[in-house]
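Chemist: Same order as they appear, the protein sequences are chains L and R. So the first sequence is numbered by the working numbering: it starts at 116 and just counts up by one. So the second sequence is numbered by the working numbering: it starts at 23 and just counts up by one.
Just to be clear, a hint being listed does not mean it is correct.
Unchecked claim - If you anchor each label on the Cβ, the simulated ranges turn out as follows: (1) R/Leu-162 to L/Arg-252: 19 to 27 Å; (2) L/Val-318 to R/Gln-220: 43 to 51 Å; (3) L/Asn-152 to R/Tyr-194: 51 to 59 Å; (4) R/Ile-188 to L/Ile-325: 54 to 62 Å; (5) L/Glu-291 to R/Trp-86: 45 to 53 Å; (6) R/Leu-162 to L/Ile-141: 46 to 54 Å; (7) L/Gly-254 to R/Phe-30: 34 to 42 Å; (8) R/Gly-88 to L/Tyr-344: 55 to 63 Å; (9) L/Phe-165 to R/Gly-88: 46 to 54 Å.
Said to hold, decoys possible - Within a straight-line C-alpha distance of at most 30 Å, the following computed DSBU-like cross-link-like pairs (lysine-lysine) qualify: (10) R/Lys-153 to L/Lys-288; (11) L/Lys-151 to R/Lys-139; (12) R/Lys-337 to L/Lys-337; (13) R/Lys-195 to R/Lys-337; (14) R/Lys-195 to R/Lys-303; (15) R/Lys-163 to R/Lys-139; (16) R/Lys-153 to R/Lys-40; (17) R/Lys-40 to R/Lys-303; (18) R/Lys-221 to L/Lys-459; (19) L/Lys-454 to R/Lys-153; (20) L/Lys-337 to R/Lys-329; (21) L/Lys-355 to R/Lys-329; (22) R/Lys-337 to R/Lys-210; (23) L/Lys-454 to R/Lys-337; (24) R/Lys-153 to R/Lys-139; (25) L/Lys-288 to R/Lys-139; (26) R/Lys-40 to R/Lys-149; (27) L/Lys-355 to L/Lys-329; (28) R/Lys-195 to R/Lys-163; (29) R/Lys-210 to R/Lys-221; (30) R/Lys-153 to R/Lys-163; (31) L/Lys-337 to L/Lys-355; (32) R/Lys-149 to L/Lys-151; (33) R/Lys-149 to R/Lys-139; (34) R/Lys-221 to R/Lys-303; (35) L/Lys-459 to R/Lys-337; (36) R/Lys-149 to R/Lys-303; (37) R/Lys-221 to L/Lys-454.
Just so you know, these hints were derived from the structure itself, not from any lab. Here a beta-carbon is modelled for each residue, glycine too, at the ideal position from N, C-alpha and C.
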Amino acid sequence: MAIKNKKINWMPLLVPVISVLFALIIAGIIIVLIGKNPFMAYGKMLEGAFGSKTAWASNITKMTSLVLTGLAVGFGFRAGVFNIGAEGQMSVGAMFAVMVGINLGNVSPVIAIPLTMLAGMLGGAFWASIAGVLKARTGANEVITTIMLNWIAVYIGNYLVSGPLAVGQGTPKSPEVAMGAQLPALMTVQASSIPSSIITAVVVALIIYIVLEKTTTGYELKAVGFNPYAAEYGGISISKNIILTMAISGALAGLAGSVEVMSVHHRIFGSFAGGKGFDGITIALIGQNNPIGIIFSAFLISSLRSGSNAMQTVGIPDDIVTIIQGIIIFLVAADRIVKTWIRKLSFGKKEGEVK
Amino acid sequence: MNFLQAIFTSLTSPLFYKLTILSALPLMFTAIGGVYSEITGVTNIALEGIMKLGGFSAVVFTFWTGNPWLGLMMGMVAGLLLALLHAYVSIEWSANQIVSATALVLIAEGLVSFLMKPIFGEEGQSKFVTKLPTVRIQWLKDIPFIGDIFGEITVFFYFAIFVVIISWFIIYKTPLGLRMRAVGENPKAADTLGVNVQKIRYFGVLMSGVLGAIGGAYLALGDIGQFQEQMPSGKGFIALAAMILGNWSPIGAMFAALLFGAAEALNIQLQSLLDIPTEMKSLLNLLPFVLTIIIVGGFVGKTKSPKADGVPYEKE
Chain L
116 MAIKNKKINW MPLLVPVISV LFALIIAGII IVLIGKNPFM AYGKMLEGAF GSKTAWASNI
176 TKMTSLVLTG LAVGFGFRAG VFNIGAEGQM SVGAMFAVMV GINLGNVSPV IAIPLTMLAG
236 MLGGAFWASI AGVLKARTGA NEVITTIMLN WIAVYIGNYL VSGPLAVGQG TPKSPEVAMG
296 AQLPALMTVQ ASSIPSSIIT AVVVALIIYI VLEKTTTGYE LKAVGFNPYA AEYGGISISK
356 NIILTMAISG ALAGLAGSVE VMSVHHRIFG SFAGGKGFDG ITIALIGQNN PIGIIFSAFL
416 ISSLRSGSNA MQTVGIPDDI VTIIQGIIIF LVAADRIVKT WIRKLSFGKK EGEVK
Chain R
23 MNFLQAIFTS LTSPLFYKLT ILSALPLMFT AIGGVYSEIT GVTNIALEGI MKLGGFSAVV
83 FTFWTGNPWL GLMMGMVAGL LLALLHAYVS IEWSANQIVS ATALVLIAEG LVSFLMKPIF
143 GEEGQSKFVT KLPTVRIQWL KDIPFIGDIF GEITVFFYFA IFVVIISWFI IYKTPLGLRM
203 RAVGENPKAA DTLGVNVQKI RYFGVLMSGV LGAIGGAYLA LGDIGQFQEQ MPSGKGFIAL
263 AAMILGNWSP IGAMFAALLF GAAEALNIQL QSLLDIPTEM KSLLNLLPFV LTIIIVGGFV
323 GKTKSPKADG VPYEKE
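So here's chain L without its partners, still in its complex pose (with noise of 0.2 Å):
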């Protein structure tokens, strides 16, 4: 029993690290039924994410809204709330941010650079709380509810950049924000550059960490997540605590959506997330939930998804991501089983199944 214990140390590590190489193996897989080499296919994911100084450059710019959205999945999670609508709150974020951004003229960068951020935080947090108020009240399922406010910001953003914002010709889309509301980039790589929002994300996932471990709110709203009943019981209330957890989770994706804005695109396109909130779902169980092990994790996405994106050019769809998240979400949830192989392979077959 001892070694047992001290073994399962590592497993809030093994299990996501296991599942990402399982995931790969499926994934390559597939690409062998449709014909094609997966070791020369994740060849050139390598180099499409690594390979080159532009490589790293769009990785780490991908990466920055990743470590926010999976940092809203992530801390849901923690609270006990399933937040699958960080798409939509960082599309509303995004919106937010424009509609502010866009009005700032020749305000210095100093107030209109918070003012933006700001902007989409209250954005996000504004959408999720409709689903958080509802869960509070009525017991909403809020993945049902988040869902529905996700199809909701794409027809509202597609009515926005077709409408009341559109300007220009071509691709539906929103005027650029002010210049004093876009971020600089940290460093210029040729063509492409690391955008500061980077310390951005990183500083808030920080804040989180501090905020889940450190203070009495982070231990209501874990409390909570593990046991509402006994919490409610011990003077916690659990409808507040639902509905802070939403708003924050919210406020980081919909802070996702205005870093974007400021320092990527610095206007908004119709549905404009692109399927960034969904990763949030993976990273944020990759990281078990952790707001430092999701710094990594969203590496780790968008390191795929920057691969991804090489991988077309040798025909394979960048779909491929979509299918090996897919699959490490699954183990994750079943990780039961995970933990399973895990000890056969460190103890034989004595050890059995862990129920």
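Given chain L's structure and the hints, the job is docking chain R onto it.
Modeler: For chain R alone, coordinates are given in the frame of chain L:
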């Protein structure tokens, strides 16, 4: 045409009622599928993915064999397989059912988009394939108004009637149905009485896979004869709302699906009748989604979910 006139015009035309039924069909199959799964105590929010993979497989096999009936069968098999994965980890490994189902939605989405190009040579939509037939009943067609609605309608309409009746019968009138409900309310008591909890739950989840796939297949083979990559665009989740509103009963799910169908039909009708800018018209697409939120938010407390819904059962 102003808003009130447009609503009045829609409500008095048989087309509105036909559109209501047609829009309700995929929701009806899928919501009843959800009923099977949830009354045995396993939530299944993977229905969106099941509809997608089911509809896609149905079109692929119709494309390959030219036979939409065979396509429908294979679609059902695909739905069954995806549901089997969910059942296996939920029932055998006490997996988090919400997370597992989310994973399956992603897998279905990824797999379908990934295979579009190798199979059909293009992304976005498939080639057109043979649709499943419509059923034309001449004497019904001769009746005014009603004839315009039911006189010639897709064969899926008759499947749906069959599924509603047979599901009601299975769930409320057979020993199997009694066991399903017992397992969903109190698995431990059912187990003590000798009911095989795991087997019953497998049955429930697998039925949801088959029915969800029929819902997905209707969108592709019943409606337009083509698979489009964005299908079923949220209908799997709307079906879950219909299941809740229908209070986890097949008949209730049918009426709830018709209500959502009416919202969709009104959306389609208003878009063609109202004199407003295009971008405003597409905003009307929000209607079914907003209705879903209102229903899920407003009725959850008032309907009663199975007690053990979503709770893994582990034998001691």
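Chemist: Checking each numbered hint in turn, tell me which of them this model violates, lowest number first.
Modeler: 1, 10, 14, 15, 19, 28, 34
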